[in-house]
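**Student:** Sequence:
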Amino acid sequence: MSTASALRVNSRYLLVLGATMALRERAIVAAVRSFPGPIVTIAPAPATRAGKFFDHVIRGVSSDPAGALEAVRGFEKETGCAPAAVVPFIDGVLVAGLTVAEHYGVPYLSRDAVVTSSINKDLMKDRLVAAGLATPRYRRVDSVDAVHAAIAEFGLPCVIKPSAFGGSLGVRLIRAAAEAPAAYEYVRAIIEQTAATFTVKNRSIQVEEFCDLTDEVSVEVLNHRDRRFVLAVVDKSLGPEPYFAEIGHRLPSRYSDRSDVRELALASCAAIGLDRGLAHVEIRLEDGRDPQIIEVGARTAGDGILDLVERALGVSPYELHVRSYLDQLDEPELPGPAAGVAAIATLKARPGRITRIGTPTAVHPAVSSYEVFATPGHVSAAVSANYLTREGYVECFWPDGTPASVPPRAHLDIADQLAAQIFEVTADDTED
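Going left to right, the sequence shown walks through residues 132 to 563 as the working numbering numbers them.
If you're looking for bench data, these hints aren't it; they were derived computationally from the structure. Even for Gly, the Cβ is constructed at its ideal location relative to N, Cα and C. Mixed in with the good hints there might be a few duds.
What the hints assert, rightly or not - Straight-line Cα separation of at most 30 Å, DSSO-like style, residue types lysine-lysine; simulated pairs:
# : residue 1 : residue 2
1 : Lys-367   : Lys-208
2 : Lys-367   : Lys-332
3 : Lys-183   : Lys-208
Said to hold, decoys possible - Label-pair restraints from in silico Cβ distances:
#  : residue 1 : residue 2 : range
4  : Asp-343   : Arg-204   : 46 to 54 Å
5  : Ala-261   : Leu-369   : 24 to 32 Å
6  : Ala-493   : Glu-209   : 22 to 30 Å
7  : Gly-419   : Ala-551   : 36 to 44 Å
8  : Arg-306   : Glu-502   : 33 to 41 Å
9  : Ser-335   : Asp-559   : 32 to 40 Å
10 : Glu-156   : Glu-316   : 29 to 37 Å
11 : Pro-530   : Ser-274   : 48 to 56 Å
Using the sequences plus the hints, can you model the full thing?
**Tutor:** Rendered as structure tokens:
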């Protein structure tokens, strides 16, 4: 459909924000399925990747609240077209989407729910504690001395992180007091490097009590008005210390049937007032111990998690998310029994400079797709620190598989085997 035919004078369109990030592309498919008119986004210039997928791209910055509203109003003045709904898919656009939605009077999360989700982890934690829900204690810090004071209160190890951001950006473990200065400067540097990209105004830092529960899951929750539903419980794999980079996800989780985990996820969404769309709830747990909430995000999961849900459980979470923001979700389609085990794992080249990207000659039969982000000349770090330090990903599916029949590390082992065939690496001779 051309832009001219799609955007008629005074027509209504669906404004989607954050749907072009890698591994969230099926959000666009869901938008097309759910809305009968034009699909529009905001991006800095028509030459960006967004221009390939949308009926129109409004020039602007989707994460800047004032700028996004100005861009949408300018588009309305030019064409007479206004949004029928605004749908956010990532943390960084939540406030901008709210600003546009409030101006046009279309359905959206409440302002209270937006500001108490993971875009402000201080307020999020305060709200969870006030609701009596288990979550690690935290202290806001603004100096190395404050970090030492938090260590004295919580003990070691502990975790330092930005009070905003996702994707494991800036999250680091502190195991010894001597590590405090470097850890604090690491978080400050990450904030300075990336805050402008996502128009993040909250640049505060917190130290969090370490949760020693051995495993972690994400719980994908659908919220709509006063109803909440657990769509999936997903096992999460983390990379080596001192970072908390997510290197793999798999569902169904071996914890999928634990009622306390599901109830805790639902209660956390209620505590911060989520009443529309998907939430991504991160929980630490292990057998025989009570779970604890780490974070509650008022947005769709990243890393292709929702693609795994669709493949294994037969429903499109993105479609449910879009329909909730359209206020058209009276009877949501909920998942049935799993049709197999679905998983995703990051591709990581060995440390050094990548000199060649090859084609694998032996691919495991469970592999359904893979994608390489790195190019020749890219320097691969020794370990992944966050979502920006990976070279690609691989998706796997075992039809009729179960958590018991598929080894827990199968997707991670497949990723390692694939990466060894794809990436030719030499020692990097650049200076640190």
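**Student:** Can you list which hints this structure breaks, lowest number first?
**Tutor:** The structure conflicts with hints 1 and 6, although it agrees with all the remaining ones.
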